[in-house]
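Each chain, written out:
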Amino acid sequence: GNSSSSSSSSSSSSTSTKKLSFPDTVKNDKTAISGGSLTMGLITDTPFKGIFNEELSDDNNDSTVMQFGSESLFKTDSDYKFVDGGAANLKLDQKAKTATITINPNVKWSDGQPLTADDIVYAYKIIANPATKSSRYTDSLANIVGMAEYNAGKANEISGIQTPDGGTGKTVILHFKQMKPGMIKSGNGYIWESAAPYHYLKDVPFKSLVSSDKIRKTPLFFGPYQLSKLVAGQSAVWVPNKYYYGAKPKLSKITISTVTPSTAAQAIKSKSYDILGVQNAQYASVKNTKGVQFIGQIPLSYSYLGFKVGKFEKGKNVEDPNAKMNNVKLRQAIAYAMNIDQVQQKFTGGLTFRIPTLIPAQFGDYFDKSAKGFPYNIAKANKLLDEAGYKKGKDGYRTDPKGKKLTIHLAMMSGNVNAAAISKNYIQQWKSIGLRVELTSGKLLEFNSFYDKVQNDSKDIDMFMGAWSLSSEPSPNDLYSAGAPFNFTRMNTTEQSKLLADIDSAASFNEQHRIAAFKKWQEYMNKEAYVVPMTNSWSVTAVNDRVKGYTLKVGGPNVWADVAVTSK
Amino acid sequence: MADTKKKQQTDAKGNPIVSAPPSGLRVILREFTHDKAAMAAFIIMMVIILGAVIGSFFVPSSRYTDVNILQQWAKPGTNGYLLGGDDGGRDVLSSLIVGMRNSIAIGWCVAILIEIIGITVGLLSGYFGGWVDNILMRITDFFMILPALMIQIVVITIVSRFNIWVLIIMITALGWMSTARLYRAAVLSQAKRDYVLASKTSGSNSFRIMFLEVLPNISSLLLVDTTLSFATSVGIETGLTYLGFGLPDTTPSIGRLISYASDPVSMQQYPWSWLPATLMLIVLSLSVNYVGKALQRAADSRQRLG
Amino acid sequence: MWKTILRRVILMIPQIIILSLFIFLLAKMMPGDPFTGLITPNTSPSQIAKLRQEAGLNNPWYVQYVSWVGRAFHGDFGMSYAMQRPVTEIIGERAVNTLYLAILSVIITYVIAIPFGVWAGRYEGTWIDTSIQFYNFISMSTPSFVVYLLAIAAFGFGLKWFPTSGSVSVSASGFFGIIASRIYHIILPSILIGILTNASTVQYLRSGIVDNKLEDYVKTARSKGVPERVVFNRHILRNSLLPIAAFFGNVITGLLGGAIFAETIFSYPGMGKLFIDSVNGRDYSVMTALVLLYGILTLLGNLLSDIIMSIVDPRIRID
Amino acid sequence: MSLIEIKDLNIHYPIRSGFFNRITDYVYAVDGINFDIEEGETYGLIGESGSGKSTTGKAIVGLEKVTSGQILYNGQDVTNRHERKKIKYNKDVQMIFQDSMSSLNPRKRIEDIIAEPIRNFESMTDTEERDRVKELLDIVGMPSDSIYKYPHEFSGGQRQRIGVARAVATHPKLIVADEPVSALDLSVQAQVLNFMKQIQKEFNISYLFISHDLGVVKHMCRNLAIMHRGRLVEVGTREDIYNNPQHIYTKRLLAAIPKVNPSGREADKAHRREVEREFQDHQDKWYDKDGKVFPLQQITATHSVALPPDEVTQIKSEVG
Amino acid sequence: MDTSDELLLDIQHLHTAFRVHDHFYDAVDDISLTLHKNEILALVGESGSGKSTLATSIIGLHNPRNTKVTGDIMYNELNLVGLNEALFNRIRGNDIGMIFQDPLSALNPLMRIGEQIAESLVYHTKLNEKEREARVLQLLEQVGIPDPPLTAHQYPHELSGGMRQRVMIAIAIACKPPIIIADEPTTALDVTIQAQILDLLEDIQKEIGSGILLITHDLGVVAETADTVAVMYSGQIVEQGSVYQVFEHPLHPYTRSLLRSMPQADSDDEELHVIQGTVPSLVNMQRTGDRFAPRIPWMPASSHEEHPVLHEVEPGHLVRCTCYKTFYFPDEKEAAAAGAPQNANEGE
Ligand SMILES: Nc1ncnc2c1ncn2[C@@H]1O[C@H](COP(=O)(O)OP(=O)(O)OP(=O)(O)O)[C@@H](O)[C@H]1O
Ligand SMILES: Nc1ncnc2c1ncn2[C@@H]1O[C@H](COP(=O)(O)OP(=O)(O)OP(=O)(O)O)[C@@H](O)[C@H]1O
Ligand SMILES: [Mg+2]
Ligand SMILES: [Mg+2]
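Residue numbers (my numbering), protein chains in the order written: chain F, 4 to 571; chain S, 3 to 308; chain P, 154 to 472; chain E, -6 to 313; chain C, 307 to 654.
Among these hints, one or two may not hold up.
Using 25 Å as the maximum straight-line C-alpha spacing, the simulated DMTMM-like pairs for lysine to aspartate or glutamate come out as follows [stated by the list, open to error]:
#1 P/181 <-> F/514
#2 C/482 <-> P/381
#3 P/372 <-> C/316
#4 C/374 <-> P/430
To spell it out: a stretch of chain P is covered by chain C in this simulated footprint if at least three of its residues, at any positions, have a beta carbon under 8 Å from a beta carbon of chain C; those stretches are [stated by the list, open to error]:
#5 228 to 239
#6 302 to 313
#7 370 to 380
Hints listed in this document are in silico derivations from the structure and should not be mistaken for laboratory results.
Computed from a predicted structure; not experimentally measured.
Even glycine gets a Cβ: it sits at the ideal position worked out from N, Cα and C.
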């Protein structure tokens, strides 16, 4: 459907109103004062867990709270490619199937101890040791030689991680079973990008690591700030780490505390925090606040509409050719009938916008710029359905090609304040093309129920609206391959398998080949419409005018080293 | 003890205490005509109830279910939106009318069910005493220790289709205990009276005595307790909705409308979405309470106004 | 009396066992489990499956129940899946918070309710009584969260008189500093809770006074020439406080459960909030422990009521 | 054979205490009493408050569970509920209660109140039933339009008469009247007593007349029993008891009756004090070492008294 | 009796009206009475005749919002009607003691017996706590409580009815008041205990020489204890005199009827006399003419006075209305006429 999509593109883009855009860095020309304290809000419904360790925590809130101290080992460029200049440098050796990590000798933990090879090895051990029950352990990590054995408890050391200069040395070599094209990018999942203070944690048994005070109350980091005070789950105070290897931190104190979503907008309006996230639904009500700048960034994520076409059986996705949704025209029609632009304009003022493909635009070359996705087009939707033999009955609803009553069950999560209205809107849209869509269970599903049903291929789901947030290495294999449990639509075609394999194949070490492979896959996905890309959103932060140097840009070792305030 | 033999009890006026009001209805009527506030409350209550019930017949369901995003947060008075539009551009007034009806329906259903259970348990327990009482009271005790709000939340999470009936059953199941205890106490005090013994010697069987002799005598409690249960259940629905465990969108309720006051900012920006429902709820509960108070006075000869 | 208390406590055991079974089953019926939510591309389904298996979540429910009870018997309520900490530790932390809130709320409730009840009862039928009753009805029928939201907007964000979230300021230091900060954090919610939940106490007190005013022993007191003020305080008021004393246990347990709204809106990390979070996160271990705790607290509250009653009212004996 | 024979009737209420709430003791509300009521007679049962009079009465009509002993009605044991049901016992044995207000259901019309036993024990058409109710009201001297009224619309005496009407509705053989006039003013009391007597004559009803007022009992009963601490202390005819009281308790009761003759009051008072002193000083003579009443001993054909055997022989010799 | 002439209480034209449905109705209607030192004045009458109302009027315990008291109650030159509260509080308990009918409800269930007795000592004497305690024990002893220290520490519900009434008496006499009002002090009690209490009351009266206003509806009690008697009917006194005058020569039809309806020792099997009709309620009370007339309908209207007043028939013996002169019982007349005692049932 290349030609058809191009014809409609002009009309759809004209209906969508002016594109919103945000700077990614605060603008403040005043001179920074020395010291000064800064407050930041963390919007959350629940207290943060307080696991201040990258290896054990998989929680966004915890990462937010520890962002002042926790620093990645490697520096990257804006495309997430590893570059030298961080706490450590990374060198991949394709042939030897190794990665060599070289630690910057200036790097010290906040207790003054130097960062060593042991610290890097220990991070892998924490993740892989079964006693820690870390959820960070993945199949990708098992690509390191000896990792699986260590994880199974069969070995005491990870044979594929070596420290040629000894534990206190500065070099670590990782041996892989296979090299992957994604390894050059941060977030690839094969290489862990944090270190754990071995000298500090070694006395704590793995089993009790997660609940130990050394993790929860007095964690060590080598980033610009160190944790000074903590009220569990609520707030934390960070003060400069005097051993920081980079530029001297400029603030004397950073306080971060939780803010309930329901009061967040009010908090922005009353400028209770220097830095506070903006919930998209509330942006309209706070955008005119004086003395506050809004900076933004588009996160690596997307929301989508998936169609259930099979089941996950014996470790494989098995597509059912007779499934209700296994009709490409039906799926496309459903996609075209969605007035996503209109909805998002209304509900988020354009902060959320329609996306044309399953690879977010931030991935640069991997993103298929020519993809059009499924712009709103009712006529086309009707036509597709007519072609496919879904005939309209007297009641205005279409039957399936066999003439049987057709009811499509949509599973959608609650949570977003507008979710109910949005679901109703789409259901009405689909009604206008003659499709009877009902919500699974008659209501929006709460998070757990939703995933419980989606994961287990519940019979009462025909399609579902989900979202993925991606790591900075965008290989879609984890989400869409034949063996991926996360491939919730259960699509499984030979074409798909071929395309996916190509993305992570040896040939893809050639960047151009990989780019082409990504594009082919995106085209295929839009053609088959098993998964319809829906939206991505700006993630906006309200920053007080007195803050200087705060940025959402990716790459730098740790932005907080540069943040300052210009008035008391 | 000597006090068992005291002269017939008399009230302040020296008249024998008449445990039943002279013909229930007449006393209630008199109570209302003597109490302007109660009368006004009664009228307001009836206006709200009838308004909601009758009004809802004239509201097409599309007015409160169909999303019309172009009318999102429409200001009151615009485009035929008398009380404005909500987040989905649905008509607040229609939602209010139907929501009122639904909430009232929930309230009364719960109240009635609670009364039925409460009366049955209370009668059996208070009248038979002994092991019947023991068993029923232990069951009641057990329900009493269930943290109601918590269980409700869990149950709502569990049920696959959450609707008005589930809500009604759930509130009832977790709310009948105090009513049962109330009736039990009342039955106990009635069962001590000699008319029960007289009925026994007249050959009436236990069920006859319970339901035809004792029950009418505790029926004054029914009116009072019903109004209380009513107000409580509407409150529970509202609270659950606020916590995110409300009825599905196709079933508007007071709680859903009030929950538009989900955060201070939208509260200030879109007052038309939640304020009318909140005021309605307050006015309704207030009038129900006043009516209940008056009924209570009617039931209690000591407090009667005249 | 001690014997009775002991017997009552022993009688609680079967109730608690049934309660635990009940909530355990409910918990197991909830769709999903603590690991359902762990789906990011950073995690592997296989690792999650492994963790799930290790946590025993694939066992039949009765196996899980028995092992849960066995551990609970030794005071080990397991780990919170969500917080990765021992449940007892989390609840202990939250319980302290809730306790602070509950105690101050109770104090404020009584500080408001007792004079109101006394005035309403004493000046029964006058405008004072009418206004107090009106206020009571209003406070009973106003949805609490609306009031909390308005108050937090006005006094928290607007006037900035009170903090808007948390239980203690992170910058507070020193024993008294921390206590002061804690109190500062709960003043607004407790005042609101106090204002909104005193209705039943006021009504109890009022009707107690109204009833007792007519009692014969009040006449006796007057006939002794006791001044009216003393008659009121010593005879009418004291006897009317009785049901309130008896109600005390219930008020406490009621507040513990009823603070959910205040805790949610003031993002105050108390037990009510914890419960909601644990349901949403399918944090079974926390959820079941909490419900159990509430059940036990309710039982203890009832017992406390009875004990108080038997102390203040010589006619009631528990022996 | 007497109409009713009470044989060694015991009614004990358990007292629970201790850790397991076990029965640790009993209230001996009725503790081994015997008496017979003949057809058509009024038998008096007198005693102070709490002596077990009501309990005895209730046991006879079947409202109280008997711990042990027998109640024979026409020679048939009726202590068992099924037995009573089978022979429609309550058709023949009815009760009048002390508190007229509480014994009439305030929510029921007089018609329904009086008709209740008729409906339960007899099958009548509605008109028959109504005629019967009117007839009964007529018997107790109340206008027939009373049937539409509620109990509170009547005075205490009228209510008590309604109670009498209900009791006689099924032509009972025995009516247990538990302090039927204690709550009434003097003039009203007279009305009720008159009716009771009149009905007795008319239908040959037996009464068990329970009271603590010796004046009233004397007016009503030929035979009477004095009850104290759950036991009978003295049984006899009116003459036996009033003219020749033997037990100190009977004497106390008699001495305590206020006389309407002011001139003799100083003497009465002196007598009263003397009896009281004797009662206080010689407890051991009248009660056994546990303070229990002795078993009844016959001193004449009609007169029995609860005294130690040696006392009895002495009295017998005096009487004889 | 040795009624010394010292006048304690002089009630003149006392009216006490209650508000019912916005109208005031006299429950006590123009009553004049005197009480002397050492006198036991008995007030008899059926339920609802206004006895308690009179008593509470004397001690000023009516709720002023719905009660209107007019007339004079003179005590030591002091008019108790309309007396200010502070002053009245000095009199209550100290100069007038009161004993109520139901001692259980008249005692505060939450206070120890000792405290309740001591309470009036606090406000009327200068005794310190020790002395008060001693006085309480002494009082308990005086009213015949076997173990005063124990009882002082008990609560009302732990005592028997007779004991409670003794405690009430102890409260009433705590300050040795010259006037004691006893409102049906024995109605709730057993005959034997009633006798004890009445004897006790008499003894105490002798000891402290008070005047007692004894309210009762039991003629026997009156005959046993009173010096003078006032018979009340419908808020009025219908007959008044010394106990001998009233019992030996009852004049008013009501007094005579009452005496006649008592079961008499020597009239065992006879029918008892019944007074027709019922006591009228406060609102329905007939307020003109002879209020008792409706209950003796066989008496011709001419025999009643239009405005019945009290007539002093002999010194100290007063009777209302002239109808007493011609009053007869219908059966007496019949009996006289027919010569047979047989008579029909008197309707209601
Ligand atoms: N259900 C019961 N449980 C325990 N004790 C009881 C019960 N009913 C009666 N008693 C006790 O039994 C005794 C006899 O009571 P009963 O009512 O027969 O006395 P009575 O002679 O009728 O007294 P009264 O003159 O006050 O009516 C009393 O001591 C009473 O306390
Ligand atoms: N507070 C009141 N308000 C209205 N009417 C009252 C009040 N108190 C008493 N009465 C009426 O006044 C009349 C006299 O009552 P009172 O109590 O003095 O009678 P009593 O002779 O003491 O009767 P009893 O023997 O029953 O105690 C009665 O008709 C009664 O109904
Ligand atoms: Mg009795
Ligand atoms: Mg009285």
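Now for the hints, and whether the structure bears them out:
Of the pairs offered as hints, the one joining residue 181 of chain P and residue 514 of chain F is violated, with about 49 Å between alpha carbons and a cut-off of 25 Å exceeded. A hinted pair counts as satisfied when its Cα atoms are at most 25 Å apart, and residue 482 of chain C with residue 381 of chain P qualifies at roughly 22 Å. Of the pairs offered as hints, the one joining residue 372 of chain P and residue 316 of chain C holds, with about 23 Å between alpha carbons and a cut-off of 25 Å not exceeded. In summary, the hint linking residue 374 of chain C to residue 430 of chain P is not supported, as the alpha carbons are separated by about 66 Å, beyond the 25 Å threshold.
Only residues whose beta carbon comes within less than 8 Å of a beta carbon in chain C count, and the segment 228 to 239 of chain P has 0; fewer than three means the coverage is violated. Taking a C-beta to C-beta cut-off of 8 Å, the segment 302 to 313 of chain P contributes 0 residues in contact with chain C, too few for the three needed, and the coverage statement is violated. Counting residues of the segment 370 to 380 of chain P whose beta carbon lies closer than 8 Å to any beta carbon of chain C gives 10, which meets the minimum of three for the stated coverage.
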